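Trainee: Below, each chain spelled out in residue letters.
There are 4 protein chains.
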Amino acid sequence: MRPTTGRLLISCPDATGVVAAVTGFLAEHRGNLLEADQHTDHGTRAFSMRVEFEASELSVRRDGFLEAMASIVDRFRMRTKLEWSDTPRRVAVLCSKQTHCVSDLLWRFAEAELPGELAMVVSNHTVARSAAEHAGVPFHHLPVTPETKPEQERAMLELLEREGIHTVVLARYMQVLSPGVVDAMPGRIINIHHSFLPAFAGAKPYHQAFDRGVKLIGATSHYVTAELDEGPIIAQQTRTVSHRDGVEDLVRKGRDLERVVLADAVRLHLEDKVLLAGHKTIVFG
Amino acid sequence: MRPTTGRLLISCPDATGVVAAVTGFLAEHRGNLLEADQHTDHGTRAFSMRVEFEASELSVRRDGFLEAMASIVDRFRMRTKLEWSDTPRRVAVLCSKQTHCVSDLLWRFAEAELPGELAMVVSNHTVARSAAEHAGVPFHHLPVTPETKPEQERAMLELLEREGIHTVVLARYMQVLSPGVVDAMPGRIINIHHSFLPAFAGAKPYHQAFDRGVKLIGATSHYVTAELDEGPIIAQQTRTVSHRDGVEDLVRKGRDLERVVLADAVRLHLEDKVLLAGHKTIVFG
Amino acid sequence: MRPTTGRLLISCPDATGVVAAVTGFLAEHRGNLLEADQHTDHGTRAFSMRVEFEASELSVRRDGFLEAMASIVDRFRMRTKLEWSDTPRRVAVLCSKQTHCVSDLLWRFAEAELPGELAMVVSNHTVARSAAEHAGVPFHHLPVTPETKPEQERAMLELLEREGIHTVVLARYMQVLSPGVVDAMPGRIINIHHSFLPAFAGAKPYHQAFDRGVKLIGATSHYVTAELDEGPIIAQQTRTVSHRDGVEDLVRKGRDLERVVLADAVRLHLEDKVLLAGHKTIVFG
Amino acid sequence: MRPTTGRLLISCPDATGVVAAVTGFLAEHRGNLLEADQHTDHGTRAFSMRVEFEASELSVRRDGFLEAMASIVDRFRMRTKLEWSDTPRRVAVLCSKQTHCVSDLLWRFAEAELPGELAMVVSNHTVARSAAEHAGVPFHHLPVTPETKPEQERAMLELLEREGIHTVVLARYMQVLSPGVVDAMPGRIINIHHSFLPAFAGAKPYHQAFDRGVKLIGATSHYVTAELDEGPIIAQQTRTVSHRDGVEDLVRKGRDLERVVLADAVRLHLEDKVLLAGHKTIVFG
Chain A
1 MRPTTGRLLI
11 SCPDATGVVA
21 AVTGFLAEHR
31 GNLLEADQHT
41 DHGTRAFSMR
51 VEFEASELSV
61 RRDGFLEAMA
71 SIVDRFRMRT
81 KLEWSDTPRR
91 VAVLCSKQTH
101 CVSDLLWRFA
111 EAELPGELAM
121 VVSNHTVARS
131 AAEHAGVPFH
141 HLPVTPETKP
151 EQERAMLELL
161 EREGIHTVVL
171 ARYMQVLSPG
181 VVDAMPGRII
191 NIHHSFLPAF
201 AGAKPYHQAF
211 DRGVKLIGAT
221 SHYVTAELDE
231 GPIIAQQTRT
241 VSHRDGVEDL
251 VRKGRDLERV
261 VLADAVRLHL
271 EDKVLLAGHK
281 TIVFG
Chain B
1 MRPTTGRLLI
11 SCPDATGVVA
21 AVTGFLAEHR
31 GNLLEADQHT
41 DHGTRAFSMR
51 VEFEASELSV
61 RRDGFLEAMA
71 SIVDRFRMRT
81 KLEWSDTPRR
91 VAVLCSKQTH
101 CVSDLLWRFA
111 EAELPGELAM
121 VVSNHTVARS
131 AAEHAGVPFH
141 HLPVTPETKP
151 EQERAMLELL
161 EREGIHTVVL
171 ARYMQVLSPG
181 VVDAMPGRII
191 NIHHSFLPAF
201 AGAKPYHQAF
211 DRGVKLIGAT
221 SHYVTAELDE
231 GPIIAQQTRT
241 VSHRDGVEDL
251 VRKGRDLERV
261 VLADAVRLHL
271 EDKVLLAGHK
281 TIVFG
Chain C
1 MRPTTGRLLI
11 SCPDATGVVA
21 AVTGFLAEHR
31 GNLLEADQHT
41 DHGTRAFSMR
51 VEFEASELSV
61 RRDGFLEAMA
71 SIVDRFRMRT
81 KLEWSDTPRR
91 VAVLCSKQTH
101 CVSDLLWRFA
111 EAELPGELAM
121 VVSNHTVARS
131 AAEHAGVPFH
141 HLPVTPETKP
151 EQERAMLELL
161 EREGIHTVVL
171 ARYMQVLSPG
181 VVDAMPGRII
191 NIHHSFLPAF
201 AGAKPYHQAF
211 DRGVKLIGAT
221 SHYVTAELDE
231 GPIIAQQTRT
241 VSHRDGVEDL
251 VRKGRDLERV
261 VLADAVRLHL
271 EDKVLLAGHK
281 TIVFG
Chain D
1 MRPTTGRLLI
11 SCPDATGVVA
21 AVTGFLAEHR
31 GNLLEADQHT
41 DHGTRAFSMR
51 VEFEASELSV
61 RRDGFLEAMA
71 SIVDRFRMRT
81 KLEWSDTPRR
91 VAVLCSKQTH
101 CVSDLLWRFA
111 EAELPGELAM
121 VVSNHTVARS
131 AAEHAGVPFH
141 HLPVTPETKP
151 EQERAMLELL
161 EREGIHTVVL
171 ARYMQVLSPG
181 VVDAMPGRII
191 NIHHSFLPAF
201 AGAKPYHQAF
211 DRGVKLIGAT
221 SHYVTAELDE
231 GPIIAQQTRT
241 VSHRDGVEDL
251 VRKGRDLERV
261 VLADAVRLHL
271 EDKVLLAGHK
281 TIVFG
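Residue numbers (my numbering), protein chains in the order written: chain A, 1 to 285; chain B, 1 to 285; chain C, 1 to 285; chain D, 1 to 285.
Chain A with its partners taken away, still in its complex shape (with noise of 0.2 Å):
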């Protein structure tokens, strides 16, 4: 059994002093240190730092505990996001017609592998719903037209907001969230994207690796930002491919990536282990 942990992210310029202020205040109120990560930025100068610590034995309570530290965030100026580890996430998950994602979040939820509380399937399809259901998680259809695509967004984002979801997930959504969807939730829409970004971005990415003639086809898992395939990205990874494979091929390889890749950004993300700096994350993997 994990013990319960506070997870403690900053931001703020480069100072002498920081680690030292920061962990000095947890060993004070007995926060006992579990991990701590920390980056400076070398053209910017600017500091990154997570910390997780043991929660039982806090000398505070939760809910004053950046109060507590206020002088310290003063005094760096801090930006500050603090999570707890008992206060799982509630998650939403995406998905369209194609099942590989969306089964393989369900399952790794199910079993506990992913921290958090897979809340909801929602899908512009019905192929999701067995399994969902299955699973014993809602599913919510909500078919998608040009025409009625503002009016189902609107739905979403109350049914997300109804529900309590914390992370949204596109799990091969096939639909562009529109720009208010993306701005209700910044930083907390990860999507997958079945090619190495920034190559092949746009439609199709498979079509274009194989007409490109590729020796490698790869996934991406980035958070979802109003431009689109241009998010800060989380997570990576590719795998060989021939001349051997036709598109179809691509396509089968590249499913165990997206899995795998869409499910540690996933992870990553609902582990706090992920800062937005800019238009690009710090991973502390």
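Since the hints were derived computationally from the structure, they do not count as laboratory data.
No distinction is drawn between identical chains; accordingly, a pair holds when it is met within one copy or between any pair of copies.
Here are the computed lysine-lysine pairs in the DSS-like style, where the Cα-Cα straight-line distance is at most 25 Å: (1) LYS253 <-> LYS280; (2) LYS253 <-> LYS97; (3) LYS253 <-> LYS273; (4) LYS253 <-> LYS204.
For clarity, every value in this text was computed on a predicted model and none was experimentally measured.
Chain A is fixed; fit chains B, C and D onto it per the hints.
Mentor: Quick look at chains B, C and D alone, frame taken from chain A:
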């Protein structure tokens, strides 16, 4: 000691009986088959084949081989290429200031890890002179300025021709070759680009990769064509990087990729294992 | 729609003219060649070949194919194996309490990503029942104790025979099969071992890997033979780990390897791309 | 230009406040923290830490640094190791007849890709003499026979001591060092073994790999201890092979692995990123 072999490369429209005709011809003329690879493109129905056979017992003279095969060539409308393993190709390596690739190639040719003969190193700088001469390889200094480029390229082409150079390897040669040079050696100039093409084509790919925040870097070796970084890809590899890697770390990690990917491509090319098929390659690895 | 194909696997002593004879036979009987792979072992001079050809235009009846080829078979002293792609093999998956491999195989067979038919799941536990039945695959519970093992193995063999099972996949089945079972299905039982064999054979390989402090973990799929973990290897993969990974992290990371490596091996086997050559395999991938 | 840094490595029993104490000490003495990595072993509760800090502004003299830190060292019962980046370590490379690793190391040190100074090449053969001397590195020929081994090892130890050698790299040195040599340089002799240890320990690992029919080969760099091939592993990599690869192909493919894995290990070691923890390593990469 590996036996002397012939390598026959064939391209033709797909048809029943091609493999039987070719292998039958070889059996009839006592060319014991060592390897046979073939591939049919599902879309274009273009058929490609590579056979390697022992040359020592052949009942037909080498210089009469293709003539003896003429009726088969005609029947299937074949384009053919025939090479013999005991006629090693002479190779020229072009480089600029960075020596990791040229040093690596010098070592590999010296140890006979690569087939063929490294006949010269040509550079617009003198950094590689010492390494080349220590390896006993003639070094030619052809400095290039915008003004002298046409003249120096003519000098280089003359040099390549005079020395009977079969293949040119651009080992981080930081000059774009003019169409005249490229056209003079179609399918016989190999470049290494320090990214996973088509991502980060053009200049400073490691800087581009750093700016985009990718989690993998790559290297691509390809035949040089008139369009920069668009030539048929021979080999590619990637390796993981993280936010901890600055541009200089990407450069350092990339060097290891570049060396291996370029050497792989050169070896495959000199073993006649690469067939050009439009703007793609078929690599019978 | 892929065409119906025949797959002919051949082993014989190396001799001039084998490939010509086989491909000539096919051309003569209008079996249009789609793929041909061959290999000669340098040490033993054993020749292996796999040809795949279109079956629709054959001028010889399928059940007379090998007979028509008898003179060639005799001349070269061939062992042959002939399979047809439209006669899918029936597969049984055996598992215990861990479900990552069986769930993955259920998904892949359901999506027709793997050829063949997943005809049953057999387990000494009931954990996988629900997933199997949801996928419409019959589930058989055959609990095993040291006392009941002989009896249950007899029951299993009867079940496999009665249901016409061609191939058995041990998807983390935590029981050692008795020689009687292994001998009944030579070259048709595939296991996944959760290490890079021959490292960490035997029990608890992730614990062994953790204790040794390796920087990579692996998975190996192989045919089951009388000697535990010594069977011919079909597929292997590794991935990086570090000191940060506890045993449970190795287990988690390893699951992703195991699934992919096992699925690869099953696919290669069911596509008749694996030839046994002594205690090794030739994989015409 | 990278700044001069101090690198402090710490091992002690886990306790609340260690990180705060160390980073507080650094902040107090104006050692601006650049990197901090720490790790607690879940089983043994052993705590390990590496901090790298700028040395230019330190308010404490370098040779008084650990003394100034004494109360912290005592309180937490720390073992410490302190190194400065401007005090490069002198390295000796030992090799035999194969030159791929030694050539590679000569190039990397010459290009300052590796920190430290390659002070000598020692060999029981003379093959590497020319490459060493071309690079301006002294070459020592110490031929070894069973009779002369004790005497030559004494000569080598004297040489290493006289020249102030900090680290010894066995770059395919085909002699087993006697316990006397190993004990003289604990944690400072790095070997490359041409397999994925613990698979294929001992002699001729590529032959062993070929005989077993593995689908991947590997290379392992490790500290040398009294037990052959059992030392703490620093770095490992694998790459794919197939039935087409004969032993000589495994040897060739393996050379690329060996070079990169050995260079990685040497770099990590010389950057003080490797901590010994029993028979394992913690690599703060």
